[in-house]
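A.B. asks: Spelled out from the first residue to the last, the chains are:
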Amino acid sequence: MLLRHTPKEITERSALMINPAKTCQPIGAMYAALGIHGCLPHSHGSQGCCAYHRSALTRHYKEPVSAATSSFTEGSSVFGGQANMLQAIENIFAVYNPVIIAAHTTCLSETIGDDLKQIRKKAITEGKIPEGKYMISASTPSYVGSHVTGFSNMVKSMAGLAESTGKKNGKVNVIPGWVEPSDMEEIKRLTNMLGVKTILFPDTSGVLNGPLSGEYKMFPDGGTTVEELISAGDSIGTLALGEWCSGDAARTLDTQNKVPCQVLDMPFGLKATDRFIDALRIMGGVTVPDELSMERGQLVDMISDMHQYLYHKKVALVGDPDQLIAMTEFLVSMDMCPVHIVTGTPGKAFEARIKEITKDMPFEVNVKAKGDMFLLHQWIKNEPVDLIMGNTYCKYIARDEDIPLVRWGFPILDRQGHQYFPTVGYKGALRLLEKILGALQDRKDRDDPETTFELVL
Amino acid sequence: MATTKKKMVQWDPAHVKAELLSKYPTKVARKRSKQIMINEALENETPEITANVRTTPGIITMRGCTYAGCKGVIMGPTRDIVNIVHGPIGCSFYAWLTRRNQTDAGTDGANYMNYCFSTDMQDSDIIFGGEKKLAQAIQEAYDLFHPRSIAVFATCPVGLIGDDIHTVTKRMKEKFGDCNVYAFSCEGYKGVSQSAGHHIANNQVFRHIVGENDAEKPGKYKINLLGEYNIGGDGFEIDRIFKKCGITNIATFSGNSTYDQFASAHKADLNAVMCHRSINYVADMLETKYGIPWIKVNFIGADATAKSLRKIAQYFGDQEFIDQVEAVIAEEMPKVLEARADVRTRTEGKTAMMFLGGSRAHHYQELFAEMGMKVISAGYEFAHRDDYEGRQVIPDLKVDADSRNIEELEVEADETRFKPRKSVEEIKALEDAGYEFKKYDGLLPDMDKDTLIIDDLNQYEAEKMVELMKPDIFCAGIKEKYSIQKLGVPMKQLHSYDSGGPYAGFKGAVNFYHEIDRLVNSKVWSYMKAPWQNNPQLSASYGCE
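If you read the sequences in order, they're chains A and B. The working numbering puts the last residue of the first sequence at 1531; the count rises by one with no breaks. The working numbering puts the last residue of the second sequence at 547; the count rises by one with no breaks.
None of these hints come from the bench; they were simulated from the model. Every value quoted in this text rests on a predicted model; they were computed, and no experiment measured them. Yeah, the Cβ is synthetic: ideal placement off N, Cα and C, and Gly gets one too. Mixed in with the good hints there might be a few duds.
Stated by the list, open to error - Covered stretches of chain A (in silico footprint by chain B; criterion: 3 or more residues with CB under 8 angstroms from a CB of chain B, positions within the stretch not fixed): (1) 1084-1093; (2) 1117-1126.
Said to hold, decoys possible - Straight-line C-alpha distance at most 30 angstroms; calculated DSSO-like pairs for lysine-lysine: (3) A:K1207 / B:K525; (4) A:K1291 / B:K19; (5) A:K1262 / B:K531; (6) A:K1332 / A:K1082; (7) B:K134 / A:K1422; (8) B:K246 / B:K177; (9) A:K1291 / B:K33; (10) B:K466 / A:K1291; (11) B:K33 / B:K466; (12) A:K1136 / B:K472; (13) B:K25 / A:K1291; (14) B:K25 / A:K1195; (15) A:K1444 / B:K33; (16) A:K1136 / B:K525; (17) B:K33 / A:K1207; (18) A:K1136 / B:K376; (19) B:K337 / B:K509; (20) A:K1207 / B:K441; (21) B:K177 / A:K1082; (22) A:K1444 / A:K1387; (23) B:K337 / A:K1291.
Please model the complete structure; the sequences and the hints are all you need to start from.
C.D. replies: Here is the structure:
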């Protein structure tokens, strides 16, 4: 057994986190920053932070992830990291020449009280940021929130670049939240299909799912341009997908630039996609084309065709709040039963929302924001499930308990496809459904006795 | 940006060096110039290489931090110690199963390697201190698992807010009575790279664990294997060979290790050091305190493995043992030579670059040489000068502010347990016969003239080198992997091996030959351009012509 020391009996833990369902803020800030075209993320802290975040993102995307660091030593930790940051800015523009640096703090620089906004001002005064180049920053202390919080904070800083010229650009800002590059691409396909002009930020498509062509571009063609971010202040409205990832940025545009916003769920599954498309239609003043209604219908068709394999199947879920809310709703909408749900990102609202979505389910739901995967495993030991959905670390539980696993979320370190094939929208929901059914039916085929083994499922 | 098109056969090292430096601001160029060395160049302005110095902020380095060296590298592969990281969640999360250390705990042995433990510090802990939470976390771990030992690792904020982790762990150890609890002050900002973390880990393992178990260990030819981390199963292969030879491995530091192995390490009669950089401190301390001599070995490469086994056998000097080692080598080598002869037809003359760790960029030269491949440039990520130039430079090493922060453990001979394993005469006789104790020559002597040796290579330089020197394969870590491969050059991770392994020992050598053959001869590198990109002119002709 891989997790042989995990007891079935659940005891209260107040200090020890075991097998976390979250990681720290800076990696979220780094991922968000990679969704700006020509951006070099910068980690203001020890070298290790930057190395760890780059490694984790690289293992997930199998793509180069460039980011710089302030390389703190003991001296800078005592005297402050301003000198390191200023030196870094100078070197970055000289050697790598990005359009923009997106810097974030770490627990180290936050604890000693470094202020990136003030350092940026000093850099401007000293002429260290060349003409036509930009720097933004986000405060991302690792001891508050989670990677989701860090993502949200950097996206909010991106919104800070928006300016109002007084003349509307006729576009809708779409803030997709922490989804895969493939999902961002799919959101663009959907908005194009509707004929709504959008500014999507961040946008990691074309950045973290790039081609192999014999050429290395440190700054790939993809990403939201700085011009687009500036122009976001002139948009007719903002759709934020996911309260935890995107809400703050949308509200920043609302208060700062008077761009009205609507915060929706992430468009995973039928109902959340319905709401997204409908909101887009109304905000953009367009009609939904038949092709999209067709895609929706195909999804409904598949749910009805395969309902017998889904009905009342128990699922354990681990992931981030926005994703889990939409996924829980999707599963419940197909009469599946997500019975154990854990996220590492704190927030009471999460638990309340999950309880609301699952209130008519015939099973009790265990839900914990600020939980961990050790607890999830114990819940599973006490009440077994038919399926686990979550990141790659779930495979240790899945193997020990012999439960099928659908990989979904971050990080996925051992399977491919997430970079290229979306799980948002109706097409994405079809793919999710294909994966769920595949896992359940593979298991059925493995476990059915020879007498009842069936050709047609 | 760089593209790889036509193979350039010749390059001039001075030109490459000048190119690498040309884009840097003056101060950076001056510093990097001392870390880029043309090997054995007579008029080289940098007769010695600068290493183990700070990375310039903003330069995209391959390096990590002290915590990574301590928790990730040295203590990560221990399976029956509950390793609790005291800090915000990230540090523990990123070190969770990502280094491919393998272990064999049997069906019921203690194995916490698949777990990730953290105190998940919150802002209130930063403000009011985290000692109480740490004590509570240790208590919870003890209550849940009753482990033999609990280790605590400090992350950056812990040092800054002044949590006294050593007092907390000492108190908990006394409270439990049956569980050894100790802490590592391995805050990420200490030192200039992972290397400082290795040193801190070595010190605490020696101080708190080594020597704890005085029970006699059965077996003959008892050694410790230092600096072997069982990545991809390397340690398993070495242990297989040891077993066959009749060598008793008391403790591996720290691949597939247990608490008791460390605790019994002083029972060995010889220390065989693999990774000199990460563990030579323990080797020195074991010699001073317990009288166990150490030798440098290398089990990467079949010839190197045979040589290392012979070296171990020669130390013990027992003819039966020497014969057994020869018999094992004779049995293992034919398969290796067969595989080597096969791949060599496809790998001979190809070139490689390696920028790794503090020993691996040296060790793997043997394997490439066995395949007829030439390493045209190499360097370390976190080595010190002695890893480049040899241990004889240690007395001349400058102790700078960053090194001074890392504790040097003062060790003396143990009053009761110090026992020289060889008499002065025996040692002398061995040395007269050409036997080398405590000797490591470093990377430079094994690299050809006019190759480039580069310390703390960064992303910009890596890309530029590939563009200018066009190696057939590049070896570094995960962060470097895909930017190199985008250029159409295969990249092999030699920290964690991507997938696969072992590459140590005899079977490992065969695995490595096949792996490199696969990489440098893969068809995929010929697919970079589509037909219409290779031949963009429009020229129409009729099908019937």
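A.B. asks: Does each hint fit the structure? Answer for all of them.
C.D. replies: For each hint, the structure was consulted:
For the stretch 1084-1093 of chain A, the stated coverage by chain B is satisfied: 8 residues place a CB nearer than 8 angstroms to a CB of that chain, which reaches the threshold of 3. Using a Cβ-Cβ cut-off of 8 angstroms, 7 residues of the stretch 1117-1126 of chain A lie near chain B, which meets the minimum of three, so the contact claim holds. A C-alpha spacing of about 41 angstroms is found between A:K1207 and B:K525, which places the hinted pair above 30 angstroms, so the restraint is violated. About 22 angstroms separates the Cα atoms of A:K1291 and B:K19, which keeps this hinted pair within 30 angstroms; it holds.
With a C-alpha separation of about 27 angstroms, the suggested pair A:K1262 and B:K531 falls inside the 30 angstroms cut-off, and the hint holds. Pair hint A:K1332 plus A:K1082 does not hold up; C-alpha atoms about 53 angstroms apart against a cutoff of 30 angstroms. Among the hinted pairs, B:K134 with A:K1422 is consistent with the structure: their alpha-carbon atoms are about 25 angstroms apart, no more than 30 angstroms. Distance check on the hinted pair: B:K246 and B:K177 sit about 44 angstroms apart at the alpha-carbon level, beyond 30 angstroms; violated.
Distance hint between A:K1291 and B:K33 is fulfilled; the C-alpha atoms sit about 27 angstroms from each other, no more than 30 angstroms. As the CA atoms of B:K466 and A:K1291 are separated by approximately 13 angstroms, the hinted pair is consistent with the 30 angstroms bound. A hinted pair counts as satisfied when its Cα atoms are at most 30 angstroms apart, and B:K33 with B:K466 qualifies at roughly 18 angstroms. Restraint check: the Cα-Cα separation between A:K1136 and B:K472 comes to about 23 angstroms, which is no more than 30 angstroms; the hinted pair holds.
With a CA separation close to 17 angstroms, the supplied pair B:K25 and A:K1291 stays within the 30 angstroms bound. A C-alpha spacing of about 26 angstroms is found between B:K25 and A:K1195, which places the hinted pair at or below 30 angstroms, so the restraint holds. With a CA separation close to 46 angstroms, the supplied pair A:K1444 and B:K33 exceeds the 30 angstroms bound. For the given pair, A:K1136 sits about 20 angstroms from B:K525 by alpha-carbon distance, which is consistent with the 30 angstroms threshold.
Restraint check for B:K33 and A:K1207: the C-alpha separation of about 27 angstroms stays at or below 30 angstroms, so the hint holds. Proposed proximity of A:K1136 and B:K376 is supported: the alpha carbons are some 28 angstroms apart, at most 30 angstroms. Pair hint B:K337 plus B:K509 holds up; C-alpha atoms about 9 angstroms apart against a cutoff of 30 angstroms. Under the criterion of a C-alpha separation no larger than 30 angstroms, the hint pairing A:K1207 with B:K441 is inconsistent with the structure, at around 52 angstroms.
A threshold of 30 angstroms between alpha carbons decides the hint, and for B:K177 with A:K1082 the separation of about 27 angstroms falls inside it, so the pair holds. For the given pair, A:K1444 sits about 25 angstroms from A:K1387 by alpha-carbon distance, which is consistent with the 30 angstroms threshold. Taking the CA atoms of B:K337 and A:K1291, the gap is about 43 angstroms. The hint is violated against a cut of 30 angstroms.
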